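Novice: Sequence:
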Amino acid sequence: MSFRSKAALAARRRHARRERLIGVLLFGCGALSILTTVGIVVVLLTQSLGFFAEVSPLGFLFGTRWSPDLVPQSFGILPLVNGTLLVAAGASLIALPVGLATAIYLSEYASRRTKRIVKPALEILAGIPTVVYGYFGIVFVTPILRSLFPGTGVFNAASAATVVGIMILPMVSSLSEDALSAVPRSLREAAYGLGATKFEVSTRVVVPAGLSGIVASFILAISRAIAETMVVTLAAGATPKMTFDLLESIQTMTAYIVQVSLGDAPSGTIEYRTLFAVGLVLFLTTLALNLLSQRIIARFREAYR
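Each residue of the sequence shown is one higher than the last, beginning at 1 in our numbering.
Watch out, some of these pointers could steer you wrong.
[Claimed, not checked] Think about it this way: if two alpha-carbon atoms lie no more than 25 Å apart in a straight line, the pair counts; the simulated SDA-like pairs of lysine to any residue are: (1) K115 x A196; (2) K115 x G127; (3) K198 x D178; (4) K241 x V260; (5) K241 x R65; (6) K241 x V71; (7) K119 x S174; (8) K115 x E200; (9) K198 x S212; (10) K198 x E108; (11) K119 x S212; (12) K241 x Y272; (13) K241 x L61; (14) K119 x V201; (15) K241 x L148; (16) K241 x L280; (17) K241 x I270; (18) K198 x V183; (19) K115 x V201; (20) K119 x I219; (21) K119 x V207; (22) K241 x L85; (23) K119 x L175.
These are computed hints drawn from the structure, not numbers from a lab.
Values in this document were obtained by computation on a predicted structure and should not be read as measured data.
Whole structure, please, built from the sequences with the hints as guidance.
Specialist: Written as C-alpha cells, this is what we have:
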C-alpha cells in the first residue's frame, strides 16, 4: 500500500472516530433531557402518592376549600385551579387578539424596514425577567385599576392577568407571524387576481392557511400563562377562593408552590406534600396543552409545493 493510500485510510479512520464521538455526545444530550424529565415525574409521583395516602383524590380534585395551614384542614384544589384559569383567561383576552393583529400587520402590511424594527422590539419583551413584570403590575397597573375601580384590592387578578398578557404577547405575535409568512405568495396573488382587497386576503386567505400555526401559538401562550409564577405571586395575592371577580385577590397553583417553597411547611408533613400534589396537577395541565398543540399542528398542517 502506497504512502498516499495509508494517509487517506488514516484520515478516514479519524473522521469516523470524530463522527462516532459526535454521535455519542448528541445522544448524551438527548438522554440527559429525557432523564431529567423522568426524574421530575418520579419525584412528583412518589411524593404525591404519600399525599394521596392521607387525602382522598376525589376530595382533592373536586373540593372547593383550600386551607392546608388551618384547622380543620381542607385540601380542595379547585380554588387554586380557579385562580390559575382566571389569570390565564384574562391574559388570553389581551394577548391572543392583540398578538394575532400584530402578526397580521407584520406579515401583510408592514414594510421590511418596519418589520426589522418592530419584531425585535416585541421580542425584547420576552427577555424581561418575570419578577420585573410582577413589580410593574404592583407599582403601575394596580394603581391605574384602583383609580378606575375604587373597590379593587391591592393584590388582584386583573393586574396579574394584564401583565401576564403583555408578557406572552411576543410568543403569540412571533409564532403567528412565522406561520403567516410561511403561506406561499401564490395564494395571495390568486386572491388579488380575483379582486380581493388586502384585508380580505389577510383574513380570508392567509389566516386560514396558517391556522394550525396560529392555534398552536395560542395554546403554547396559554400554557405559558398557566405556568407563570413570579407575576402572580407578586400581583395576584395569596387568597385561594372560588371567584370570577378579577378585582379580588386570588391565588394560583404556581403562587402556592412558591409559598410552600419558602420553608414554612416542615419537610415530610402533609402540608409539605401538597407542594408535589399541586405541582403534579400543574405538570399534567401544561403537558396536556403541549400535546394538544402538537396534535393540532400535525392534524391541520398545510403542505405547499
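Novice: A separate judgement is required for each hint: does it hold in the structure or not?
Specialist: Hints and how they fare:
Of the supplied pair hints, the one linking K115 and A196 holds, its CA atoms being roughly 24 Å apart against a limit of 25 Å. With a C-alpha separation of about 19 Å, the suggested pairing of K115 with G127 holds against the 25 Å cut-off. Restraint check for K198 and D178: satisfied, since their Cα atoms lie roughly 19 Å apart, inside the 25 Å limit. Our distance criterion of 25 Å between C-alpha atoms is met by K241 and V260, whose separation comes to about 18 Å.
With a CA separation close to 7 Å, the supplied pair K241 and R65 stays within the 25 Å bound. This hinted pair checks out: K241 and V71 have alpha carbons roughly 17 Å apart, not beyond 25 Å. Distance hint between K119 and S174 is fulfilled; the C-alpha atoms sit about 7 Å from each other, no more than 25 Å. For the suggested pair K115 and E200, the alpha carbons sit about 21 Å apart, so the restraint of at most 25 Å is met.
Restraint check for K198 and S212: satisfied, since their Cα atoms lie roughly 21 Å apart, inside the 25 Å limit. A threshold of 25 Å between alpha carbons decides the hint, and for K198 with E108 the separation of about 8 Å falls inside it, so the pair holds. The hinted pair formed by K119 and S212 meets the criterion: a straight-line CA distance of about 21 Å does not exceed 25 Å. As the CA atoms of K241 and Y272 are separated by approximately 20 Å, the hinted pair is consistent with the 25 Å bound.
A C-alpha spacing of about 15 Å is found between K241 and L61, which places the hinted pair at or below 25 Å, so the restraint holds. Between K119 and V201 the CA atoms are separated by roughly 22 Å; this keeps the pair inside 25 Å, and the hint holds. With a C-alpha separation of about 24 Å, the suggested pairing of K241 with L148 holds against the 25 Å cut-off. A distance of roughly 20 Å separates the Cα atoms of K241 and L280; the hinted pair therefore holds under the 25 Å criterion.
Restraint check: the Cα-Cα separation between K241 and I270 comes to about 21 Å, which is no more than 25 Å; the hinted pair holds. A hinted pair counts as satisfied when its Cα atoms are at most 25 Å apart, and K198 with V183 qualifies at roughly 15 Å. With a C-alpha separation of about 19 Å, the suggested pair K115 and V201 falls inside the 25 Å cut-off, and the hint holds. Our distance criterion of 25 Å between C-alpha atoms is met by K119 and I219, whose separation comes to about 21 Å.
Simply put, K119 and V207 have alpha-carbon atoms about 19 Å apart, close enough for the 25 Å limit, and the pair holds. With a CA separation close to 12 Å, the supplied pair K241 and L85 stays within the 25 Å bound. This hinted pair checks out: K119 and L175 have alpha carbons roughly 11 Å apart, not beyond 25 Å.
Consistency note: the structure conflicts with none of the earlier hints.
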